[in-house]
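Asker: We have chain A already, so just place chain B on it with the hints.
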Amino acid sequence: MYVAVKGGEAAIDNAHRLLAETRRGDPSVPDLGVAQIREQMRLLVDRVMTEGSLYDPDLAALALKQARGDVVEAVFLVRAYRTTLPRLGATEALDTGAMTLARRISATFKDLPGGQVLGPTFDYTHRLVDFSLAEGAAPAPAAEAEPDEAACPRVTDLLGQAGLLEPSPPDVGAPIGDLTREPVDYPADRALRLQALARGDEGFLLALGYSTQRGYGRTHPFVGEIRVGAVALAFTPEELGFPVSLGTVEMTECQMINQFQGHGAVPPQFTRGYGLVFGQGERKAMAMALVDRSLRAAELGEAVVVPAQDQEFVLAHCDSLQATGFVEHMKLPHYVDFQAELDLVRRLRAEHAARAAVPEEAEPQESQPQEFEEPTRREAAE
Amino acid sequence: MNPQVTDTDTGGTGYNFAYLDEGTKRMIRRAILKAIAIPGYQVPFAAREMPMPYGWGTGGVQLTAAILGASDVLKVIDQGADDTTNAVSIRRFFTATAGVATTTRTARATVIQTRHRIPEAPLAEGQVLVYQVPIPEPLRFLEPRETETRELHALGEYGLMHVKLYEDIARHGHIATTYAYPVEVAGRYVMDPSPTPKFDNPKMDDCPALQLFGAGREKRIYAIPPYTRVRSLDFEDHPFRVQSFAHPCALCGAQGVYLDEVVLDDAGGRMFVCSDTDHCETRRADGHTGEAA
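In order, the protein sequences belong to chains A and B.
Number 45 in the numbering used here belongs to position 45 of the first sequence; there are no gaps in the numbering.
Number 281 in the numbering used here belongs to position 281 of the second sequence; there are no gaps in the numbering.
Excised from the complex, chain A in its bound form:
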């Protein structure tokens, strides 16, 4: 006899206990420390902070440990925690031009004030597996030099002086939107779009940015500059009235420069796409800059024809938590709706079979699918 399924609560408890044990793995292998993740899985930590919209390397490392290394799950933990934090206010605008640089490159000039600084990069490494790492070999000490005190202005500021590059829009003191506190109202302005892109899934933005390079909304981009380093954060408490330093955050900024023909009152000049992420995340910053420029199509008088130019398409689908939640919710029970669909498909098939049978004599019963021999459901009043 059939007995309705029960025991969901015990099953959930047991599943979570098993998860905890599985997360730990073989207990004879030493437990992974949060500091180890923070220091040695730094790029992963950076990505979790960026997509989690919260700069806290220790929390991101802990989230990665709890999430068994699943990036989206770790982002989820960070975001759910972030939601509970009070908003004290907004900091002063970051001055990335005054960044303490770990890396700075420009693809548009051979040399420029401040120079090209490669810094810690995978670029030009040969991707050969280093088996000595498995033995725990310590790296040779890095070369050292005196810090260069010379100013290192942003390339966009250098080009901008000649009017070749569109200037940054002036700061008119407009209120700062926050897409985590207000629902997005389309069309969204550029500041909100950049917020969404900064939180957006790296893989999604990478593919979209790539699509613009392959002809789906070409923007003729050049990397004006990528800079990685520490930026000072300043906050002006109301009771003081002057900015106080809160410390520094590691960031990666990408200024993409794009060809633009000009139109009407606007002379030909280069336009910009912008990317900014926590930590070292060049791939994400570059992809973000490509997509940002692409999303400016309407503003720059370009036809909106491809996905990367369509802000409702991009903004509504770039968030990894929203995407994973809705995709993965399909594993929740849907049997009530499926029952309704079963009913419809059975009925349509029965009618289809009846129509097919009309020209000749009625089909023999054996050839009919089983569900039609004993129709269990029918439409009321039909």
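Think of the hints as simulated: they come from the structure by calculation, not from any bench.
Quick reminder that beta carbons are idealized off the backbone N, C-alpha and C, glycines included.
Any given hint could turn out to be false.
As the list claims (entries may be wrong) - Just some of the chain A residues that point at chain B, by a computed CB distance under 7 Å:
#1 Glu182
#2 Pro183
#3 His329
#4 Leu348
#5 Ala350
Answerer: For chain B alone, coordinates are given in the frame of chain A:
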């Protein structure tokens, strides 16, 4: 963890009563009031990131959190059942964060959060039915852009939907929408009833209970106030009809209820039982039996 306002801290959890801070609850309550004032209209709200995934009921959970009081009695169902895993999970969330009483009995509950079903037992005045909604926009699959659908709603321009239903009839001989069947609320807005089977649509009409709909990922709240006209879209020559079942529930013998089809073996064996587990249990306790009981 370091949450904000803790004026009604539940004690052990460190979180505010029913998890959300009071500022967020106020924002949601305002959206609810607006939704009640404009039946069927989708009110944007600043949905928070909840500690459960989008698509798993975050909209419903935020509505429930915003309206729940200490004396409320909560029932949570998924697919009509109190013991499906996500219903269990959400019920435990509120037990832990709000400490409210819970029940599986429809008649005893003051707040019922649901996914995909409306209980079989008629709801009463004073009860609130909270729906979890994945896609609040009934026109979404006809026109994906919100900037467009917003205008269509503003103009009351629902021709697209009627054409879709007509095309179903032309192609299949029926309206091929079996769940999330669009309704017109209070003679004005066309609304998605959430993916309940169309079997449940008539229960929404003139219902004494307040019906609230929450879509967390899509950041929308909408409502049907008590005793509001809710009409399923149809045509004069193709009137709206609900599913009916050839057999009664195999456990309690109920007729005119929505049934789950349970596969018994690999030889085509099937049985049909009530989707609403409370309705089935109540009937069996009252002495009703079906052929398999």
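Asker: Taking 7 Å as the limit, does the beta-carbon of Ala350 of chain A come near enough to a beta-carbon in chain B?
Answerer: Hint violated; Ala350 of chain A Cβ to chain B Cβ min 11 Å, cut 7 Å.
Asker: Would the hint on Glu182 of chain A stand, with a C-beta cut-off of 7 Å toward chain B?
Answerer: Holds, because the Cβ-Cβ distance from Glu182 of chain A to chain B comes to roughly 5 Å (cut-off 7 Å).
Asker: Identify whether the interface hint at His329 of chain A stands, where standing means a beta carbon of chain B within less than 7 Å of its own.
Answerer: This hint holds: His329 of chain A lies near chain B, its Cβ roughly 3 Å from the closest one there, short of 7 Å.
Asker: Does Leu348 of chain A pass the interface hint, meaning its C-beta sits closer than 7 Å to a C-beta of chain B?
Answerer: It holds, given that the least Cβ distance between Leu348 of chain A and chain B is near 6 Å, below 7 Å.
Asker: Quick check on the hint: Pro183 of chain A CB to chain B CB, less than 7 Å?
Answerer: holds (4 Å)
The structure fails hint 5 only (numbered hints given earlier).
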